[in-house]
Amino acid sequence: MTTAPLLEATGVAKNYGAVAALKNASLTLLPGEVHALMGANGAGKSTLVKILTGAIRNDGGRITVRGRPYVARTPADARRSGLVSVYQEPSLIPDLDVISNLRLTQTPVEPFREWVRELGVPDLDLRDLARDVPLAIQRVLDLARALAIAPDVMLLDEMTAALPANLAERVIDVVKRQSQTGRSVIFISHRFVEIAALCDRATVLRDGETVGVVDIAPGVEERIVELMLGAKIEKARRTRRDAGETAARAQGDTRIAVRNLRVGTKLQDVSFDLRNGEVAGVVALEGQGQDELFAALAGSTRPAAGTIEVDGRAARFAHPVDAVREGIAYVPGDRSEALAMKQSVRENIALPFSAAFASWGPINRRREGAKVQAAIERLQIDTRAQREVQRLSGGNQQKVTIARWIAADARTILCFDPTRGIDVRTKREIYKLLRELADQGKSILFYTSELEEIQLVCDRAIVIFGGKVVDILPVEIADEPALTRAAYGLPRETGAEPGIPTGGAQQGEAAP
Amino acid sequence: MSISASAPASVPAGRRIRRFMSDYPLVPLVVLLLLLVLVLHILQPGIVNQRWIANTVKFAIPLALLAGCQTMTMLTGGIDLSVGTVATMAAFIVATQGVDNPPAVAMALALIPALLIGFANGIGVGVFRVHPLIMTLGTSLIGVGCLQVYQRTVIASGAKVPEFLTWLGTGLTWGFPNALLLFIPVAALLIFIQRRTGFGRLLYAVGDNERATRLAGVKYWQVILALYIFSSVLAGIMGLLYIGLIKAPSLSLAEPLVLPSVAAAVIGGTSIFGGRGGYTGTILGALILAVLTTLLTILQMPEGARRILFGAIVLLVTAAYLRIIEDR
Amino acid sequence: MSRFLRRHGWVVGLSALFVVLFVATRIIQPGYGAGDFGSLVRAVLPYAFAVAAQTVVVIAGGIDLSVAAMMAFTSVTAASMMAGASEEYAIFVVPLVLALGFVLGAVNGILIVVTRVPDIVVTLATLFILQGAALLVLDAPGGGVAEWLKGLIIGTVPIPGLPDAVTAWFPKALLLLVVLLCAVWIPLKRSRLGLSIYAIGSSELAAFRSGVPVARTKILAYAIAGLFAAMGGLSLTMSTGIGAPIPGPYLLASVAAVVLGGVALGGGRGGLLGPIIAVFVLRLVRTDLTLLAIDPNVTAIVEGSIMVAVVMFGAYVTIRSRAS
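Chains A, B and C, in that order, are what the protein sequence lines are. If you read the first sequence in my numbering, its first letter stands for residue 1, the second for the next number, and so on. If you read the second sequence in my numbering, its first letter stands for residue 1001, the second for the next number, and so on. If you read the third sequence in my numbering, its first letter stands for residue 2001, the second for the next number, and so on.
With the rest of the complex left out, here is chain A:
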């Protein structure tokens, strides 16, 4: 390379307890380039960004800026070294007006104003409170604030997500021109279209390691997808299941019908059916609205529009108890959300039994014990440390969250990434259990960030991108490469029709 790199990170590692979030990440940023940072969910992108911006400290590796060692203890530190980040969620203080936000970060006002105009927001009043500024504009202001101090390196995390098309164009335009002045940009995005339009090179992370650096050129999407998946492509082809078997299975009645559901700002318009006796997989990159979808089905968030029908009747959930009464149980991805950590296994499993006012009286120890025991045995929970759930391993904790609803005999289980961060054996047990439950006629909605699980567990895969269902893949073609392409909004490989599929809910069923 002819030019000296502006920023160079080698062998960066970060551990959270025993879990390695980053193992060996490296990144070389040349002056004046726009560099894409890519990777599947959990590959370590956000960890690397946090390290570069001083939100967390790395455990290993070396980072230099202009050849000098670089350590950032706080975001303010990083800013002084010329590194500024624009985060996914706006970081303006909501209760301060814009001008105070500028003063707080010691941002010069005039350049900021110019950048705001440049970015296509002509009529901004600096005395407006940040909370009164629309979310999309807040992101633009964040960007303008970063641009105004003319940093050497800008980190843009999903900058264009949630921006209307015209603003997104201006942003891309401005970022591109910015790079022509010799400053560099690290650009994180799930949208290949933008990356192709904007970036010079891309670094691909997989499982906490840098697995490749590619130059952006036409057709590079395939190469990037390959790098993100690694050896998994071959493996995936081998684990394809017999199509006939699954086709026979998904024939139950419709249990939950979701129509044009809109929740919060992320979930735009989603329709699908969940049938009795099936495991329906949900596949989405981070932040495409899947959290909102599950929250709405579980009754913890009220949808802004659309309907949910349960067994053919319209359902309105004001409180999770309404969903529970319909036999819909929610197993959240974060176990600390579902478990009373300081209580015993038994108390956690039996928690729904005592929920209703009528069951506040003395507990029938024998009857409860029998139910709990049956659930424990069915899930093979290791009960040696049962006095407090927080002492169990992650896998056993997850089993407890599921066991609770098996003991309560829920008819539908909404599993949100239940296998995240747990050991392989437990994962297999959970797959087996979910399949068994479906075979008994229960219905399961299963979101997973580990795409290989779709073919191991599900009957079909509902793919959500940008808050909409973009494809529904039958399990026989839902291997990792296909799912990854779909999740990034790319068309099906064999479908041959160009452009992004427009997301008719049922259209996927007909393919190959």
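These are computed hints drawn from the structure, not numbers from a lab. Hints are not guaranteed to be accurate.
Said to hold, decoys possible - Derived coverage of chain C by chain B (criterion: at least 3 residues anywhere in the stretch with Cβ under 8 Å from a Cβ of chain B; other residues may be distant):
(1) 2009-2016
(2) 2038-2048
(3) 2113-2127
(4) 2241-2253
Said to hold, decoys possible - Residues of chain B placed beyond 10 Å of chain A at every Cβ, according to the derived structure:
(5) Leu1038
(6) Leu1040
(7) Gln1044
(8) Ile1112
(9) Leu1182
(10) Ala1205
(11) Thr1213
(12) Ala1216
(13) Val1218
(14) Gln1222
(15) Leu1299
(16) Ala1312
Even for Gly, the Cβ is constructed at its ideal location relative to N, Cα and C.
Starting from the known structure of chain A, fit chains B and C onto it as the hints suggest.
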């Protein structure tokens, strides 16, 4: 973390002690209690005799009852600072109504304000989500105002503590305080509720992880409303017992016991953050405080120093609790 | 204009409420005059400082339960130091007591930051400790105060060129209150520290990302609250001439006035003016009830109920705004 209990040998010693402390929180409390008694015995030989023990227990019981209110509310991460006012109101009303009414009627009347204040607390905390500390402080202020108004209406009629209550509060039978006749069933009930009823289980679960209970279908406000009514009624009953012990009604009768009641529950191992603890520990905590009070009296410590000590205990125990037991 | 109303509408409405109450007072008691207003302001003084203390902490996203105890402690410290001492000695006592308040407030903040125990528990414990400390300094109401300090809040401000009938409505106590609050609040509001206090209350994460030193800001917010509480303690001593070791009803009153004054209990929103006007409103309600010849104890009940209702309303608004 792997399956942690499977390999006890690999767990470091510090962690093992923490485990032990959180599994058997009563052992260090009993040791502390015996230690304090020993110190007392050394400072003033001969003070520890059957009469002293009966007397200490007699004064520890009202404290333990109020601390029962704190234990129950603290299990959910709350606190009830209105118990002092509620107890005082009950005591004052029973003493003044006892003049014209039969004791049973007076006692029933005395518990009405307890119910009302408990209801208001429950609505404020459970429905409006006011912080329990602020809410109970507020209702306690209103309660004091009501009591002052009430006092003016009955000022002429004098006071008469029902004999049954004096017998219960001060009497001894075979060397045992009669108050135990009330206390043992109440304590048993509290422990039974905490360990063996659906309601008790919800108290722990709500305090441990409110979100999780919500997902399991629990309605928070129902639990909280029932809890604060229960706590208030218990405080009212304590007021009845206390007037039997003190015999002289006043407008700030039980107020000085509020702070020690919080301290007793905290010392007894009930977490102020909710989800952990139990009434057995609180009883020991109340006994420890009763002995400590004797000790401070012997050392001629002023009231101010005692408050400082109680405040420091609450802070230190809570901070230590965060460090030691919740350390992961 | 519309933005001014939107942002300050609450304060404007509250001021209107105050005026309405004031007119009502004149109707109930046509003789209500400048002298009565002066005593109202004197009665408001300790409340106003307690509210100022609470406001700073609440804006920073916390709560300080030790306000009233801190006032009692600083009050008895000042009273016992000045008892029997010379007039000049008080010149040293005042800054010392203010510094004491600042340091004790900072200790609150440090305990919260270092122990990671929630603010409500830490300040509850310091409430007990300060109560005890106050009792150690003076076990019964007593002590004394320098005459010139007393004089600071008695009488009216003579403004040259204005007739006495007008200056009679400018009690010295009001001047003292305004000067002291402005001396702390205006520089604070204009400094980066002031912005940081709003920032950590509004969103701790966004504040951290904006480069705000969160821990230091929190400690300073509690320290400033301590300073205001010390002013409150001094004003107690000045108006009563003694120090009382038992804390007055300032804690709940301060929380209620903060909420009524338009400061969100979650933090980040509101200013000092609203809560101060709210204190005047709450005191004036009390005056009116007294003038209506309602039993003072009933007044206490009404007052308590208003405060609880206000706090419940504030909590309700907080849940609603979080839900949307």
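Verification of the hints:
| no. | hint | result |
| --- | --- | --- |
| 1 | 2009-2016 | violated (count 0) |
| 2 | 2038-2048 | violated (count 0) |
| 3 | 2113-2127 | holds (count 11) |
| 4 | 2241-2253 | holds (count 4) |
| 5 | Leu1038 | holds, 32 Å |
| 6 | Leu1040 | holds, 35 Å |
| 7 | Gln1044 | holds, 41 Å |
| 8 | Ile1112 | holds, 24 Å |
| 9 | Leu1182 | holds, 22 Å |
| 10 | Ala1205 | violated, 4 Å |
| 11 | Thr1213 | violated, 7 Å |
| 12 | Ala1216 | violated, 5 Å |
| 13 | Val1218 | violated, 5 Å |
| 14 | Gln1222 | violated, 6 Å |
| 15 | Leu1299 | holds, 38 Å |
| 16 | Ala1312 | holds, 26 Å |
Violation of the numbered hints given earlier is confined to hints 1, 2, 10, 11, 12, 13, 14; the remaining hints are satisfied by the structure.
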